[in-house]
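Student: Put together the whole structure using the sequences plus the hints.
Sequences listed follow chains E and H, in order.
The numbering used here runs 4 ahead of the 1-based position in the first sequence.
The numbering used here runs 34 ahead of the 1-based position in the second sequence.
Hints are computed from structural coordinates only; laboratory data are not their basis.
Careful: at least some of the hints might be erroneous.
Stated by the list, open to error - Stretch by stretch, here's where chain E covers chain H in the computed footprint (C-beta under 8 Å, at least three residues):
| hint | segment |
| --- | --- |
| 1 | 48-62 |
| 2 | 185-194 |
| 3 | 240-249 |
Unchecked claim - Computed list of lysine-lysine pairs in DSSO-like fashion (alpha-carbon distance at most 30 Å, straight line):
| hint | chain 1 | residue 1 | chain 2 | residue 2 |
| --- | --- | --- | --- | --- |
| 4 | E | K263 | H | K254 |
| 5 | H | K267 | E | K263 |
| 6 | E | K209 | H | K41 |
| 7 | E | K168 | H | K267 |
| 8 | E | K290 | E | K209 |
| 9 | E | K290 | E | K11 |
| 10 | E | K263 | E | K168 |
Think of the CB as a built atom: it goes at the ideal place given N, C-alpha and C, for glycine as much as any other residue.
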Amino acid sequence: MRDNTLKYLLVAPAVVVVLATAIWPLWESLRLSATNGRLSRPGSMQQYMEPLWDQYTWAFRYEPAFWNSVQVTAIYTVTTVALTTGLALGLALLLAPGGKFRSGVQTLLILPFAMSPALIGVSFRFMFNPEFGLFDAFFGTLFPWLADVSWLADPVLAFAVCVKADVWGWIPFLTLVLIGGLASVPQDTIEAAQVDGASGWRVFKDITLPQLVPVLAVVIILKSIFSLKAFDQIFMLTNGGPGDATQTLSHNIYFAGMKYGQIGYAAAVAWLMVIPMIALIFAHAKFVFRTD
Amino acid sequence: MTGAQRKRLFGALQVVLILVAIAIMLVPIALIFLAAFKTLRNIYTLNLFVTPTLENFVTVFEQPYDLGAKLWNSTLVATVTVALAIPVATMAAYSFSRFRLTGETTMLVIILATQFVPAVVIVLPFFVMFRDLGLLDTRIGLIAVNLAIVMPFAIWMIKGFIDGIPIDTEEAAMVDGASRLRVIRDVVLPMAAPGLLTAGIFCFIIAWNEFLFALILTNKDAVTLPIGLALFKGEEGDLWNLLSAAGIIIMVPMFVLALAIRKYFVQGMTMGAVR
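Tutor: Below you can see the structure in the form of structure tokens.
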């Protein structure tokens, strides 16, 4: 067989799978979002088109729950991205020099990442349990005013626990990525600067950090994407509560579509969420293809 | 303080910080391990030194929890997903790596992008379609949607591995008159094998931990392990001892797999984004 035919035949099955499992559902979601379909109607959904615009503006005009979840998601994304990136950078700088001890720690870092996010949610719910949670026992003894705090019953504290669980789950992976980035910073430039008497902070600020910018950008973009669609952990940890204090957009869509059966509306909100994500994905793709 | 002293102090400080980080990292995992070997009453006492019991690991497999069925579902769904995804992804990855295709960059960007599309967007149409086709709560349905998340990863990761294989051996074999398909089978596949294994394990972990699709598309027969966690709610609240035992069954196999491919783990996650 000629290579010219073969090369397309080889790609074809993968393209079909991606079209069927990703592109089609995206398109179908867009179509659903223009209907006011409900799950409760038996058989195929009865759909009558409304002006597409109505479905989308509905979210903004009549659904306080939507606005709430937009705010929750925005704050959640900003805090988790800032905290994970900052702490991961610190940890990466600590671990980058290598050696037996530090490499061993790097290996350990894989564990949280292989853990199911749903299980991380369970684990944190366990830890912050006011009756016997470890956090309560430990910090309650050290700092008496923290004893018997019902972490998950208070809107702000529950949100904080969700952020902690997220940060805990993501720091290890981002640290490993940043260690990879640090390894590509030319060592001789750093040594030359040190010989010239530059302080550790100056070396970091003027040599390491500028070299690290592309990797940091990728880290921030990736983490933003994953923070925007956060669901598993929060579902297991607070299920959006108390009230709707930790209801992210994904959770809001899940509720609207699966609990209340408003699948058309849910699809519209889902698409509203896809829009900022497309921007991030393009930014990410730009970095991926920058050397090609 | 002399320079050497300051340096030693700085080094000690670093080690302390690293140890603190390890402690924070291991606590939630250790907690699950401790609770899994305790009775529910002992968990409430927070006593570290109690006679460990294996009872929880027996109970989770009994009715009404029947974790065995979920374990089987998870294993089957993840295995079949990987078995379908890896060959298809390898073929595509080889072609992307070795040939110039019309619209290649577009295809690669779209494949990369689909990996980040929120599952909650994709799942709505699948729910409607599966309901009409009678595929709700089936393992086949779950495998189909799992392909959606695994496929882009697999293609990009394997492409990265094949890009790293020097093209000379292939060309030499072609000069000797071997056909392209023979070259792929006899030259490329053996050299790419470690990469394929890594990608396979990586996809297995993703499919195993997948939560949202299984939550929405299954309810009884095809329920997987992560969804099974929701079972352990008694009348008095969460059954932490059983939750922890189930947690161990979910996470320990993945720890083993992840450690087996630790060198490529990060590379796989970023799919060549950070070189």
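Student: Compare the structure with each hint and give your call.
Tutor: How the hints compare with the structure:
no.: 1; hint: 48-62; result: holds (count 11)
no.: 2; hint: 185-194; result: holds (count 3)
no.: 3; hint: 240-249; result: holds (count 5)
no.: 4; hint: E/K263 <-> H/K254; result: holds (17 Å)
no.: 5; hint: H/K267 <-> E/K263; result: holds (20 Å)
no.: 6; hint: E/K209 <-> H/K41; result: holds (20 Å)
no.: 7; hint: E/K168 <-> H/K267; result: holds (24 Å)
no.: 8; hint: E/K290 <-> E/K209; result: holds (25 Å)
no.: 9; hint: E/K290 <-> E/K11; result: holds (25 Å)
no.: 10; hint: E/K263 <-> E/K168; result: holds (27 Å)
Going down the numbered hints, you'll see the structure goes against none, and every one checks out.
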